[in-house]
Amino acid sequence: VQTPPRSSVPTLIPGLSLAVRKELMAEAAASEKKVDTEDPSSSDMEGAAAPSVSGIYFICPLTGVVVRKDQKEKHLREAIQSYFSIDPVAASIMEIHTFNKDREKLRVGVETMAKYLDNIYLHPEEEKYRKIKLQNKVFQERISCLEGIHRFFQAVGFEMKTLPVPGQETPEEFYVLKEDMLTRLEDLKDYKEQLLSSEPVRAQLDRQLQLFQPSPAAAQFELPEDFYSLSAEEIRREQRLRTEAVEKAALLRTRAMREKEEQREQRRYNYTLLRVRFPDGYVLQGTFYAREPVSVLYSFVREALRDDWLPFELLGPGGLKLTDENLAFNECGLVPSALLTLSWDAAVMADIQESREEQPTSPLKPELLSRVQTLS
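So in the working numbering, the last one in the sequence shown is 1047, and the numbering has no gaps at all.
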């Protein structure tokens, strides 16, 4: 079973110092070590064909650590939790934007919270704006339902107090802005802008770039369950039912019906494993979202070239040219896996051969060639 390659870390969240990143990475590494010892996958794979890739992996933008798909959210939570000791305001904003999945509720809640801060900034002399009643209908309906909001209010300078309410026998809980925050109104304005402009912390799909030596097995794929929207058992059951239905209605199916069924089949997959075979036989492999456009594959290949300006075409199974780079992989029939062929521009390659006295043995980057593997 191939382990995921630890690819170069993408641009991490800006503003994180090297010391902070090291601290977060150390904590994440300790957590990942524990997870690895609990991984049952090795015993489960005994007796089965080795998968073409060991699973789906993601790169955490906070720590740079590569984690399995099923550990992604847990790792993000731990990374954001660790960041509270460094910058509690930023961490609480990350929490709010990352873990509240209903985007409309999030938008309404965030805009209401921003309005609270804006009122204080614009009217610091008004005491009523510095107190937020937790049982207030607006607070209950728009804000209290969101994860992370209490830590945000505390981080930006509010404290919870139980205060008497005129006309009521029982007191109620309020968030009350601390007095010293009135001297830091620009900070409040900055917090408001951060809250409104932030995006979710999204782990980046790890391409798991691998280079293989020429092999007749390049078109053979064994995919792990991570690649499917449904479990393997659910897929087998649906395939069985569909086969039975097809046998009964084979003569009645039109071309349009077949195309519709094929499109439905494509939507079963969230990811795709793609291989690109070069003219010299080397095979470049990467993992992609099924809904990503073909253009990302062209970029992926280009980044692997010694000379990234070299023009080339990619041919899908059957020799069909991938000319529309805006089409998604699942619109081109390139899911859940496919072997493509790279074709150079013949005229350009002829010019290069004439102008160079000595040709490089491969158009691929030397650092990739140094890590070439055998495809089994």
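A portion of the hints provided could be inaccurate.
Once the Cα atoms are required to be at most 27 Å apart in a straight line, the calculated DSS-like pairs of lysine-lysine come out as [unchecked claim]: (1) K772 / K799; (2) K799 / K745; (3) K832 / K808; (4) K863 / K832; (5) K804 / K832; (6) K740 / K772; (7) K776 / K860; (8) K863 / K804; (9) K849 / K804; (10) K799 / K849; (11) K804 / K776; (12) K745 / K772; (13) K849 / K832; (14) K772 / K743; (15) K849 / K860; (16) K743 / K776; (17) K776 / K799; (18) K808 / K786; (19) K802 / K849; (20) K849 / K772; (21) K776 / K808; (22) K863 / K802; (23) K786 / K745; (24) K860 / K786; (25) K863 / K799; (26) K860 / K799; (27) K802 / K832; (28) K776 / K863; (29) K786 / K832.
No lab work stands behind these hints, which were simulated from the structure alone.
Cross-check of the supplied hints:
no., hint, result
1, K772 / K799, "violated, 32 Å"
2, K799 / K745, "violated, 39 Å"
3, K832 / K808, "holds, 18 Å"
4, K863 / K832, "holds, 22 Å"
5, K804 / K832, "holds, 10 Å"
6, K740 / K772, "holds, 18 Å"
7, K776 / K860, "holds, 22 Å"
8, K863 / K804, "holds, 19 Å"
9, K849 / K804, "holds, 15 Å"
10, K799 / K849, "holds, 13 Å"
11, K804 / K776, "holds, 20 Å"
12, K745 / K772, "holds, 15 Å"
13, K849 / K832, "holds, 11 Å"
14, K772 / K743, "holds, 15 Å"
15, K849 / K860, "holds, 15 Å"
16, K743 / K776, "holds, 24 Å"
17, K776 / K799, "holds, 26 Å"
18, K808 / K786, "holds, 15 Å"
19, K802 / K849, "holds, 10 Å"
20, K849 / K772, "violated, 31 Å"
21, K776 / K808, "holds, 15 Å"
22, K863 / K802, "holds, 17 Å"
23, K786 / K745, "violated, 32 Å"
24, K860 / K786, "holds, 11 Å"
25, K863 / K799, "holds, 19 Å"
26, K860 / K799, "holds, 18 Å"
27, K802 / K832, "holds, 10 Å"
28, K776 / K863, "holds, 18 Å"
29, K786 / K832, "holds, 21 Å"
In this structure, the earlier hints numbered 1, 2, 20, 23 are contradicted, and the remaining ones agree with it.
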